[in-house]
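There are 2 protein chains.
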Amino acid sequence: MKRIAFLLVAVAAVAGVVAFTAPPSGHADEEAAPIFGVKIPSGYRDWRLISVAREEGNLNDLRAILGNDVAIKASREGKLPYPDGTIIARLAWSYDPLEESEKAFGRLQSFVAGPPKNGVQFMVKDSRKYASTGGWGFAQFNDGKPADEAMHNTCFPCHGAAKARDLVFARYAP
Amino acid sequence: MKRIAFLLVAVAAVAGVVAFTAPPSGHADEEAAPIFGVKIPSGYRDWRLISVAREEGNLNDLRAILGNDVAIKASREGKLPYPDGTIIARLAWSYDPLEESEKAFGRLQSFVAGPPKNGVQFMVKDSRKYASTGGWGFAQFNDGKPADEAMHNTCFPCHGAAKARDLVFARYAP
Chain A
6 MKRIAFLLVA
16 VAAVAGVVAF
26 TAPPSGHADE
36 EAAPIFGVKI
46 PSGYRDWRLI
56 SVAREEGNLN
66 DLRAILGNDV
76 AIKASREGKL
86 PYPDGTIIAR
96 LAWSYDPLEE
106 SEKAFGRLQS
116 FVAGPPKNGV
126 QFMVKDSRKY
136 ASTGGWGFAQ
146 FNDGKPADEA
156 MHNTCFPCHG
166 AAKARDLVFA
176 RYAP
Chain B
6 MKRIAFLLVA
16 VAAVAGVVAF
26 TAPPSGHADE
36 EAAPIFGVKI
46 PSGYRDWRLI
56 SVAREEGNLN
66 DLRAILGNDV
76 AIKASREGKL
86 PYPDGTIIAR
96 LAWSYDPLEE
106 SEKAFGRLQS
116 FVAGPPKNGV
126 QFMVKDSRKY
136 ASTGGWGFAQ
146 FNDGKPADEA
156 MHNTCFPCHG
166 AAKARDLVFA
176 RYAP
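These protein sequences, in sequence, are chains A and B.
According to our numbering, the stretch in the first sequence is residues 6 to 179, in order.
According to our numbering, the stretch in the second sequence is residues 6 to 179, in order.
Hints are supplied without guarantee of correctness; some may be wrong.
It does not matter which identical chain is used: a pair holds within one copy or between any two.
Stated by the list, open to error - Derived EDC-like pairs: lysine to aspartate or glutamate, alpha-carbon spacing no greater than 20 Å straight-line: (1) K84 with E105; (2) K122 with D89; (3) K78 with D131; (4) K168 with E107; (5) K168 with E104; (6) K168 with D74; (7) K78 with D51; (8) K168 with D89.
No lab work stands behind these hints: they were computed from the structure.
Nothing here was measured: the structure is a model prediction, and the numbers come from that model.
Start from the sequences, fold in the hints, and give me the full structure.
Here you go:
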């Protein structure tokens, strides 16, 4: 009985810490994405930066690639393959002109992140669980809801273009 | 004597922790920038992300705006003015096409951060020390070395375009 009481206190303490540190955008209780069963990792918006990117064309966005501690260490050291436990998050926002910059420079040349766009994506490394897809589980969430199965079937083939880099497009930006 | 030995051990332990956690790009012993006397804040590359941006035209780069804990809290809450102790870092890299993406999409549309470009900039809020420049001290470092005084004279006038947002161009990207 004492042991149960201790466990409950310990669990409550851990839950408290998680609730305190989790940013508004990360909720551990979200629905899992199809095929790979990945959920939105709690607190991902507070992860450190791996790199930034921009998609032109139809996607037309600005992106940040964040990583959990395992991902940051591995990408900073440049060692491949990424170890189990790596989680990489790809956030994206609309590509919006910055009005104040136009005033400062006398022409429009600065673009900044607007509202979220093109969903949030995650790559989760688990070499046994996801052995058939290069050791990676993939997920995309649009407004917090998992994208459909058809969309998730496109992840692994597309990332195959980065096979020489363990399926990860992003390199650590120093 | 025992106390000195203890202190040495404690200092060594702290130094060890700092050496372990500080990223390669942050050194506390760098030269101070002119006018405002700002040094490169130790560990800034590990700060959390405020937003991302792109400069077209001659600057032609991809950017990340990171903040220390005070900056993250303030920018997330959207409260103005930023409190004393806020430090905002602007990193930038060259705008490089991503070859692997061209293979995946069949056309060139993805651009990623290449080598560092256009220096690293900092804004430090100290409403008393920097009262004559809106409460902000500004600094730019190129390859770890402070830019010259003429360059630092351009910071405050240019950021004046964002006067309604306490001289900060970046908004928190959710």
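Each hint, compared with the structure:
1. With identical chains, the CA atoms of K84 and E105 are at most 20 Å apart between copies only, with a shortest distance of 19 Å across copies and 41 Å within one.
2. For the homomeric pair K122 and D89, neither the shortest alpha-carbon distance inside one copy (29 Å) nor that between copies (33 Å) is at most 20 Å.
3. With identical chains, the CA atoms of K78 and D131 are at most 20 Å apart within one copy only, with a shortest distance of 17 Å there and 33 Å across copies.
4. Taking CA atoms no more than 20 Å apart as the test, K168 paired with E107 passes between copies only; the shortest distance there is 14 Å, against 41 Å inside one copy.
5. For a Cα distance limit of 20 Å, the shortest separation of K168 from E104 across copies, 12 Å, qualifies, whereas the shortest one inside one copy, 40 Å, does not.
6. For the identical chains of this complex, K168 and D74 are neighbours neither inside a copy (23 Å) nor across copies (37 Å), given an alpha-carbon limit of 20 Å.
7. Taking CA atoms no more than 20 Å apart as the test, K78 paired with D51 passes in both settings, with 16 Å inside one copy and 11 Å between copies.
8. Within a single copy, K168 and D89 get their C-alpha atoms as close as 17 Å, which meets the 20 Å cut-off; across copies the closest is 47 Å, which misses it.
This entry does not satisfy hints 2, 6, going by the numbered hints stated previously.
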